[in-house]
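Going line by line, the protein sequences match chains A and B. Here the first sequence is numbered in my numbering, starting from 2 and rising by one per residue. Here the second sequence is numbered in my numbering, starting from 2 and rising by one per residue.
It is possible that part of the hints are untrue.
Simulated restraints on C-beta separations [claimed, not checked]:
| no. | chain 1 | residue 1 | chain 2 | residue 2 | range |
| --- | --- | --- | --- | --- | --- |
| 1 | A | L253 | B | T115 | 53 to 63 Å |
| 2 | A | H179 | B | Y387 | 56 to 66 Å |
| 3 | A | E114 | B | I85 | 51 to 61 Å |
| 4 | B | A8 | A | L253 | 32 to 42 Å |
Dumping the calculated EDC-like pairs for lysine to aspartate or glutamate here, alpha-carbon to alpha-carbon at most 20 Å [as the list claims (entries may be wrong)]:
| no. | chain 1 | residue 1 | chain 2 | residue 2 |
| --- | --- | --- | --- | --- |
| 5 | A | K75 | B | E95 |
| 6 | B | K123 | B | E103 |
| 7 | A | K171 | A | E29 |
| 8 | A | K137 | A | E157 |
| 9 | B | K315 | A | D126 |
| 10 | A | K110 | A | E120 |
| 11 | A | K151 | A | D172 |
| 12 | B | K570 | A | D69 |
| 13 | A | K176 | A | E120 |
| 14 | A | K171 | A | E114 |
| 15 | A | K137 | A | D107 |
| 16 | B | K123 | B | E95 |
| 17 | A | K75 | A | D88 |
| 18 | B | K570 | A | E29 |
| 19 | A | K209 | A | E20 |
| 20 | B | K315 | A | D88 |
| 21 | B | K315 | A | E131 |
| 22 | A | K221 | A | D241 |
| 23 | A | K151 | A | E131 |
| 24 | A | K137 | B | D408 |
| 25 | A | K171 | A | E196 |
| 26 | A | K75 | B | D408 |
| 27 | A | K137 | A | D156 |
| 28 | A | K75 | A | E109 |
The hints are simulated quantities; they were obtained by calculation from the structure and are not laboratory data. Quick caveat: nothing in here was measured; it's all calculated off a predicted structure. C-beta: ideal position from N, C-alpha, C; glycine also.
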Amino acid sequence: MVQVEGLTKLYGEFVAVNELSFVVQPGEVMGLIGPNGAGKTTTLRCLAGIIPSTHGTVRVGGHDILRDPIAAKKQLAFFTDEPRLFDYLTVWQHLNFVARIYQVADYEKTGRELLEELEIANKRDALPGELSRGMKQKLAIACGLLHSPKVIYFDEPLTGLDPLGIRRMKDSILKRAHAGAAIIISSHLLHLVQEICSRLLILKNGLKVVDGTLEAVTRKFSEQPGDANLEEIFFRATSDTGTSPPAVPPPLPH
Amino acid sequence: MPTMIAALIYLQYHSVRNRLVSRFKRLKQPKYLVGAIVGGLYFYFYFFRYLFHGFGGPPAANLVVSPEHRQLFELGGALLLFIIVLLAWMIPHERAALTFTEAEVAFLFPAPITRRTLIHFKLLRSQLRIFFSVLLLTLFSRRFGGNVWIHAFGWWLILSTLNLHLLGSSFVRTLMLDRGISNRLRRLLVFGLALAVAGAVWVWAKRTLPALGPADTANLNATLDYAQRVLTAGPALYLLYPFRLVVRPFFAPDAAAFFAALPPVLLIFLLHYLWVIYSDVAFEEASLEASQKLAARVAAVRAGNWRGVKKNQKARRPWFRLSATGPPATALFWKNLIGVGQVFSVRLWIIIAVVMVIFGFVLAGQAQNHGISMVAAFCVAFALGYSLLLGPQLLRLDFRNDLPLADILKTFPMRGWQIALGEILAPVAVLAAFQWLLLLFGAGLVFCLPVKPEALFLAIACGAAFLLPVLDVLLMLIPNAAVLLFPSWIQTGRDSPRGVEATGQRLIFALGQMLVLLLALLPAAAAFTGIFFLFYFTLGPSVAVPVASLAATLVLAAEAGFGVMLLGKLFERFDVTEGQTS
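Start from the sequences, fold in the hints, and give me the full structure.
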């Protein structure tokens, strides 16, 4: 569903993303992780057609995002870490607007269902300024899911959500994956990635250092079977020496 | 306490120094360097060269002011100061809140610093703002002559005393609220007091001075003389006296008069300072709230979201029903039209109407024609002219507003030109509708005015109706293209430029936009001229004007279509990261 070949993004002489290639199949959830400045957000922006890549190709549902952007973008949704909304449109007006952009003829039924599912149906006529951070996030999700995208990118999807919101978000991501969507999640929350991702891609300085299924990656980075969790894998894969930082002190006694 | 003050001075000094250093460092970038040069030249030619009289600069307009006129100016200044102080007691409704940044609240409020020290810090910081204001005001007032140092110190005394008074009055307002005196009661009391004082002055003037006749009111000098007599005797004398003392040093003709006027104003300043420092008012909670609001406003403005500053935003009904299928550009048009409703409130339209009517009366008065139709005609002409000039600046519901959301727009399955068209349509539609209304009104006025022949004026209105919408498209395209080409020069990025270099950048932009518009108008003007003369000699001007306008409209429409395609290409190439990291 998402095919990336030799994706490279340069800013002047600075290489933000370097020769990145991977494939995400329908129903797969890929975790995109890496230290700050590794190129995760730049990668996601290139995949969504927000910024053009310098070299390489990105295909979404078989359509090249640069050559055939309309067909490619019709199939995808991109959720940023901060919900980006138009501050003078109400909740329902946002859905109406998005429906026209993506030509969703039966948006009223789908929209109502999404608002119910996300528990913001009672905020239908509210402006974003009247919504809490979590509600704004839900509205952004409702807008993104209105056209039933086949490819979904999440950039730090759990930022600012309360525990219940986090649980619902995880459920929602998995539900879309089970329905056949290809999902890419960029996050620093390794437990989230471990919980819901079936594949892992670790970036460092714009370069792919790890790519594979979670099991395969765990096997590769374990010195003994089962000794490495994702945190250990992350440190071993991204540190210059290939070792973990000193262990966290034990918790204080109660 | 001295240690604390030293720490606060350290904070202030290094904040200002680092800000200046970063400004100088960014001059390495050509866009800031060019802006700084142009801005510097502007400030030099408009203000600073008047300071260098004797070093080759031109002399300031050294107006000779007689003692009577000096007293009149002093009275005017005192009256203005009195009104500002009166409003400061009447209008505000918040509790006293010294404005701190969020970082200052986080660091200073939990620190072992007394409330009085915080006030000193606030006063110290306000001095920076005052010094800057003094500089600008002195540069301005110096153009009319007088001693530069007297002007500077005079302004400093006025602004510093006023600053202390505003702070003190906010403390008293808070104390009154704490003692159960509501804002409404306080306003009633102040208003009643002001009314009583005005009544006393009026009664005194009525009883003591000869009444102003119709001949006097028509004569400016007689009116001013009467006002001077009212304000320099009776109750007004005592009322305005402290205010006159404050402004007197500014109007001093020489150093001796300045120093003679100094002791009373210094005493007033000292009393104000003691009043503020010894007020024991809890301002921390209100300051915390104010700092959060300030941070939200700054964040909104830096993100290019000027409406984020606006309070009490209400949901607006869409101007038309948007179906789910059809050209997607219509969605952006629909969205921006809703936004227009947020920005242009009924109150704003009333203000515009009032200003138009006032200007209409003034212009008609100068034309020695007091007919209401002539006033209205001037209003229409004035509004039409200014709609072209100010419309594209006021109606910013396009890329200038949506650029902070460019990454979202770029995920839409739309071509660049579709997004560009959708973005500029709403402001164009609103502007064109406003202009057509004016034209319709103006066409009606033709029959009420002694202008002949009516057919020609109607033909001009008809031609304008063709031309204006496409002209509006061109006018909107230019700033939108500018914002996509130079996002960091326009106030949409996170670090919108300020200072001399920003002024220079804006000047360059204004000139650039005018040049592009002139170039765009040249082919249309040529088409208009050719067709006009072709028809003028055969069918007369009443036919030639609308036909020539139609031809010019077609040329402009072709240019506008090309412009929209170009704007779309610019948007497709626009790098969202550039807009965020200028």
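Those earlier numbered hints the structure runs against, lowest number first:
The structure conflicts with hints 1, 5, 15, 17, 18, 23, although it agrees with all the remaining ones.
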